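S.K.: The whole structure should be built from the sequences, with the hints applied where relevant.
Here are the chains, one letter per residue:
There are 2 protein chains.
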Amino acid sequence: MTTATLVPVFAALGDETRWNILAALGEGEASASALARRLPVTRQAITKHLAVLQEVGLVEPVRVGREIRFRVIASQLSETARRLDVIGARWDRRLAAIKQIAEDL
Amino acid sequence: MTTATLVPVFAALGDETRWNILAALGEGEASASALARRLPVTRQAITKHLAVLQEVGLVEPVRVGREIRFRVIASQLSETARRLDVIGARWDRRLAAIKQIAEDL
DNA sequence: GCCATCTGCATCCGGATGGTTGCACAATCC
DNA sequence: GGATTGTGCAACCATCCGGATGCAGATGGC
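For the protein sequence lines, the chains are A and B, in the order given.
For the first sequence, position 16 (counting from the first letter as 1) is numbered 16 according to the UniProt record's numbering, and the numbering increases by one without interruption.
For the second sequence, position 21 (counting from the first letter as 1) is numbered 21 according to the UniProt record's numbering, and the numbering increases by one without interruption.
Check the hints yourself; a few may be wrong.
Derived list of chain A stretches under chain B, where covered just means 3 residues or more per stretch with a C-beta under 8 Å from a C-beta of chain B [to be verified]: (1) 16–30; (2) 68–77; (3) 82–89; (4) 92–101.
Heads up, incomplete: computed chain A residues facing chain B, CB under 8 Å, no partners named [what the hints assert, rightly or not]: (5) 7; (6) 10; (7) 40; (8) 64.
For the record, the hints were derived by calculation from the structure and aren't laboratory data.
Quantities reported herein were computed from a predicted structural model and do not represent experimental measurements.
A virtual CB, placed ideally from N, CA and C, is assigned to each residue, including glycine.
M.R.: Put into structure tokens, the structure is as follows:
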């Protein structure tokens, strides 16, 4: 679960490279080195990004022999979407109410 | 509609102050000056944030007399949530498939 | 045991970013 | 018409951030 606070999750998702990493991980678990081979960035850069993604619970490390692979935690994405949807709905209601009031004038 | 590219929207949502502004706008339309009065930041800072929010279609300016009020576009929030949910679902399927393969070994 | 490979840590760098201050300009209300 | 209030623009500042380099340490294959 680790329901991370919402804002940092969005901050993590607000970077193109991070999405590329997530997309690459969609093909299956991969280590930082492996990711560095198929993406146009250094391993160290990838490591930092993975740390950010792990911090907000979007990704999870798995030790395999001497390497550390990472896998996407899809549920965290869904959870974030759900929470954002709730917020959106709340605003919809509020705005609808305001509009109603305005029209009643 | 203005289906802004997803990543910049997340980047915009990845800032605490911006959420405070959105929350304040939830009470109803407000100008940059008005927001500056009830938030612990300068009007100019707020103006910049509003520009970012407007850029990604989360907020919309409305001219009222000599002031420019801003209102939240709730549909953009819902839309973003929907798109994120689709991505999450895709990952869920993919991960389920991978798990299936692993178990079949 | 040795070499190849993967990870970790520290440092450095340029650009973006959140924020401020200061000033000029526009419009509105009385 | 004048003072008040709202906006716009520019410069400046500190910090964060994405990224690169370099080097040291760990670990596994053969």
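S.K.: If a hint holds in the structure, say so; if it does not, say that too.
M.R.: Hints and how they fare:
Interface restraint, the stretch 16–30 of chain A with chain B: holds (4 residues with C-beta to C-beta distance below 8 Å; minimum three). Residue count for the stretch 68–77 of chain A with a Cβ under 8 Å from a Cβ of chain B: 5. That meets the three needed, and the coverage hint holds. Counting residues of the stretch 82–89 of chain A whose CB lies closer than 8 Å to any CB of chain B gives 6, which reaches the minimum of 3, so the coverage claim holds. Check on the stretch 92–101 of chain A: 4 of its residues sit with their Cβ under 8 Å from a Cβ of chain B, so the three-residue criterion for coverage holds.
Hint status for residue 7 (chain A): holds, given a least beta-carbon distance of 6 Å to chain B, under 8 Å. Because the closest C-beta pair between residue 10 (chain A) and chain B is about 4 Å apart, less than 8 Å, the hint holds. Hint on residue 40 (chain A) is violated. Least Cβ distance to chain B is approximately 17 Å, over the 8 Å limit. For residue 64 (chain A), the interface hint is violated, the least distance from its beta-carbon to any beta-carbon of chain B being 13 Å, above 8 Å.
The structure fails to meet hints 7, 8 from the earlier list, while all remaining hints are met.
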